[in-house]
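J.: Chains as they are written, first to last, in the UniProt record's numbering: chain A, 1 to 299; chain B, 1 to 299; chain C, 1 to 299; chain D, 1 to 299.
Treat the hints as calculated values from the structure; they're not laboratory data. It cannot be assumed that every hint is accurate.
The list makes no distinction among identical chains, and a pair is therefore deemed to hold if it is satisfied within one copy or across any two copies.
Below, computed lysine-lysine pairings styled on DSS-like, alpha-carbon distance capped at 25 Å [stated by the list, open to error]:
no., residue 1, residue 2
1, K161, K112
2, K197, K101
3, K15, K265
4, K104, K161
5, K101, K265
6, K112, K164
7, K101, K164
8, K178, K265
9, K144, K112
10, K294, K112
11, K15, K218
12, K75, K197
13, K15, K144
None of the values given here were measured: they were computed from a predicted structure.
Chain by chain, the residues:
There are 4 protein chains.
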Amino acid sequence: MYRLSDREWHNYREKNKDRARMLIECPDRAGIVAEVSRFLFEHGANIAQSDQYTTDPENGRFFMRVEFDVVDLEKRYEELQRNFAQIGESFQMNWSIVEAKRRKRMAIFVSKEDHALLELLWQWNSGVLHADIPMVISNHPDLKETVESFGIPFYHIPVTKETKQEAEQAQIELVEGKADLIVLARYMQILSPYFLKDYQHKIINIHHSFLPAFVGAKPYERAYERGVKLIGATAHYVTEELDAGPIIEQDVHRVNHQFGVSDLKQIGRQVERTVLARAVGWHLEDRVLVYQNKTVVFP
Amino acid sequence: MYRLSDREWHNYREKNKDRARMLIECPDRAGIVAEVSRFLFEHGANIAQSDQYTTDPENGRFFMRVEFDVVDLEKRYEELQRNFAQIGESFQMNWSIVEAKRRKRMAIFVSKEDHALLELLWQWNSGVLHADIPMVISNHPDLKETVESFGIPFYHIPVTKETKQEAEQAQIELVEGKADLIVLARYMQILSPYFLKDYQHKIINIHHSFLPAFVGAKPYERAYERGVKLIGATAHYVTEELDAGPIIEQDVHRVNHQFGVSDLKQIGRQVERTVLARAVGWHLEDRVLVYQNKTVVFP
Amino acid sequence: MYRLSDREWHNYREKNKDRARMLIECPDRAGIVAEVSRFLFEHGANIAQSDQYTTDPENGRFFMRVEFDVVDLEKRYEELQRNFAQIGESFQMNWSIVEAKRRKRMAIFVSKEDHALLELLWQWNSGVLHADIPMVISNHPDLKETVESFGIPFYHIPVTKETKQEAEQAQIELVEGKADLIVLARYMQILSPYFLKDYQHKIINIHHSFLPAFVGAKPYERAYERGVKLIGATAHYVTEELDAGPIIEQDVHRVNHQFGVSDLKQIGRQVERTVLARAVGWHLEDRVLVYQNKTVVFP
Amino acid sequence: MYRLSDREWHNYREKNKDRARMLIECPDRAGIVAEVSRFLFEHGANIAQSDQYTTDPENGRFFMRVEFDVVDLEKRYEELQRNFAQIGESFQMNWSIVEAKRRKRMAIFVSKEDHALLELLWQWNSGVLHADIPMVISNHPDLKETVESFGIPFYHIPVTKETKQEAEQAQIELVEGKADLIVLARYMQILSPYFLKDYQHKIINIHHSFLPAFVGAKPYERAYERGVKLIGATAHYVTEELDAGPIIEQDVHRVNHQFGVSDLKQIGRQVERTVLARAVGWHLEDRVLVYQNKTVVFP
């Protein structure tokens, strides 16, 4: 199999060695941007990109994402964190500063279908998605060879009604401390609340419909029955309520009466893999903030 | 107000004076196309466009639409009808042959919002939609001046909970025998089964969501709550079950977290008027066939 | 004709009476945002929306647009201007602060085709486009009635090869001091450099192709010849070099082999009016900045 | 590497063992469809899909594609060919009847970039593209391992200015008699007229722009300079005149001022692989007819 494009990643790291991302979410009030930008200026930061959003300038919720360069970031990272803490506190912020060159660790769960998985692996391999992929976990053995050909460990954990709980325990032990993000790339099992509680807004699922249309099972069959003229897919964070978590990205593709269920599925696979890869890319670059079951995406 | 483009319509009629459209729907079996095309050949027809579709070549349902020219169509129209009847019978067809130059009569129902109405009137006025518009009926007086400026009669029939039945009776009396098609261009009242029974697949509504997402009232408010990333609209034939009739056309527009409810509505209005006008155009040109709550559209 | 929606405009003005927009373009260097946001904070501004962009954090060009509310804006507007001047100077900024409630004055030039004009008038009339329209100028008389039905003065200034110069002089006298923006809504004449010099980045044209494909005349005919599968339109600022000015917006619509030249034109008209209205809307809300023949659009 | 999905292909063949496709191109005149459909009926064909198009019912060019099932197709194929020959002659048709279960042989040419190649291999491997891939030829060795992991022979034929002619000779010897279609999946060399003469409308190239915009080299750099708001790709048949062959498919993706050249290239790669795969799929299913440097696509 073709090797991971280490060169791409090396280039990325070189280019981004001094690049940091600051994420802020807090009650909106006057003076936030002034204070944040003064802080960045005083710490010698060069702002490369800055996005902000308020649900309402008066008493709303404020969101901000800043990409900036600081000379010798690695050495000065602790200092930045320490010094910003006071601002964070005074504005009641949820905040973080992350180094762009630290890759998130992404575990992928799959079942039998490979399209969503392969799109992620291809984009990862060609340096579009910046992540470490410590493992792929599946309830079926089918995709073992594929995954391993990319040099990624593959774990087969079968799931039956009876063994569901222990299977989940095995999954948890595998990912615990090893994954910052779990991507369900057409994983056809429902995760229990017990699993979910440690991964709030850290599990991304691709749903094979334009949610909230066709919530639940067999969406393509139902789309066919209903005679819709567009087929969609939705990438969302997984929450306890099925198919109801915060939507990150959606897209659609035009169909017509000639499309049977299997044609819809084939078109759907194209939409699914595109939408999932886009959502995962945004998450990996800290472009998605969540508030009240909705996302703010700074693409 | 600018006058109806009579010149456009005159040109269209001249260009299409010998143009007919044949529509067929029947059980699929071998020999249909052979028989139909032999018929057309023997009657001297020049085929300009021909579309067909089968749900299944074996025991499925067959649909066909042929546009053809016949010299002196007007004189020979009766003969075509008479001669085709036998074929129609032997294949158990629902069929019709219509002259392209005979415009359908389209009544429009509106309430207060003008965007869908104006798009129809603009396209009609510029010769894109070929129809006669004998009347616009509204439960509010607001759009009277607008409608009359196009030279179209406007009828204000208020509807309240108490007067709903007699209001509908008044509407029926107005349209009866005068409309081949009723378009609900953001008409915010529900028509009763009694009204609907005479207009099966002859009433087109524009719903302000990507059905079946957000069936029912206040779809934009609910889309906002759900945090969707695309806003859609659906044109469909009206049936007794609300928002569940055969879908003719759908489209979407991309939105993001910055869009409040009123922004969604504004974007939605653009999608609504585009989708409705496209669906109405197809209906007027006999491009929409209905079967089992789904449409076959030959665009 | 239906009246201008004065109510809409009144509501908009009420809602935006304290809303200002600050526009900045300058060499990028550290501290700009810190200084601007400090200024805004000290003047009691509530930031509603803020966008920025740099071509390069080191020695690039910096662009910023801030929407903010200040209590009693009208009274304090002069003071804001005066106080910001020093910051503007020290960072070598091109800058402006505009009141959202002051509408730009938009003159529209047309020839015979009405689709682009009517879309602008419809969006203006329904309160989507916030502008005053002091006049429509045409080299043909055809659209006089249409324009006047909206209560807008219409000036017919014929243009022939011989009279081109004096016709332009007449146009200039009409718009001089009365228009902040000129929109060429399918105006089929080329403006001279003499005309253009006073309206740099203040004249928006809609070109009927996806520029730079099919620069020049008869783009639909040439698109048909070339057999393209998408038809596009481009809204751009007019510069001396024909069809080469900064692009504001583009869009396309899918076509196929069945589309003849007149079908392409019909589809094209839909794309043209959508694209032009979007570009004009962004310009009216000061969302378009120009630099080196390209636009920065903060939508 | 994951193995070719033989199961998929087996299923396809089973499902399509009696499926044929008839392709017709001829001068339009009355009676063609009648004759063709009579022929099909008399030979016991079940029509599954039928498309036709005429450039003009009077003296235009007629195109037709019929998919049909005939019991025991393999045995009766010769007979169908023989019997249809007379109709073909009398209408001056270019015609062919192909068995759906016979896969076309597709050679792929690449250079260093893998995205277009991998999309084709992925769709081929998952049973979306039905073809045999006897070889991949490249002027660089980089993708050898990738290609061979799919079980496909890889030939490295370096091309320099001096060796161009002999390199082409080596390519010709490899593909001669072994390929029905050549796909240039980002192959960065220009084929000589000598090579092309044997492969008229049998070589598909993906061009990295929305042709005819940015014909020639470095389209993304030039798109960046021009400040376009959409990035496109074009799949077309290769002809002697560079980038001027019949267009099969085009698509675009929205970009904005934030996109640098490398971002445009990344987005472009997504559009390129989608557009190329779609065009190749249509060609493999005999859905593309060429006439006068344009394509008729029956999707």
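J.: Under a CA distance limit of 25 Å, which applies to K101 and K265: within one copy, between copies, both, or neither?
T.: between (37 Å within a copy, 22 Å between copies)
J.: 25 Å Cα cut-off: does K75 pair with K197 within a copy, between copies, both or neither?
T.: This pair counts as neither: shortest intra-copy Cα distance 34 Å, inter-copy 53 Å.
J.: Quick one: K161 to K112, C-alpha cut-off 25 Å, is that within a copy, between copies, both, or neither?
T.: Only inside one copy: K161 and K112 sit 18 Å apart there, 48 Å across copies, limit 25 Å.
J.: My question is about K104 and K161: at a cut-off of 25 Å on alpha-carbon distance, are they close within one copy, between copies, both, or neither?
T.: neither (32 Å within a copy, 45 Å between copies)
J.: With 25 Å as the alpha-carbon cut-off, assign the pair K178 and K265 to within, between, both or neither.
T.: Answer is neither: 33 Å inside a copy and 33 Å across each miss the 25 Å cutoff.
J.: Could you figure out if K144 and K112 sit no more than 25 Å apart (CA to CA) within one copy, between two copies, both or neither?
T.: Answer is within: at 10 Å inside a copy they meet the 25 Å cutoff, but 28 Å across does not.
J.: Using 25 Å as the alpha carbon limit, work out where K294 and K112 are close: within a copy, between copies, both or neither.
T.: The answer is neither: 30 Å in one copy and 32 Å across copies each exceed 25 Å.
J.: Check K197 against K101 for me: Cα-Cα at most 25 Å, and say if that holds within a copy, between copies, both or neither.
T.: neither (28 Å within a copy, 49 Å between copies)
J.: Regarding K15 and K265, is the shortest C-alpha distance of 25 Å or less found within a copy, between copies, in both, or in neither?
T.: between (40 Å within a copy, 18 Å between copies)
J.: Given identical chains, is K112 near K164, meaning Cα to Cα at most 25 Å, within a copy, between copies, both, or neither?
T.: within (18 Å within a copy, 46 Å between copies)
J.: 25 Å Cα cut-off: does K15 pair with K218 within a copy, between copies, both or neither?
T.: Intra 45 Å, inter 23 Å, cutoff 25 Å: inter-copy only.
J.: At most 25 Å between C-alpha atoms: does K101 with K164 qualify within a copy, between copies, both, or neither?
T.: neither (37 Å within a copy, 43 Å between copies)
Hint violations for this structure: numbers 2, 4, 7, 8, 10, 12, 13, all remaining hints satisfied.
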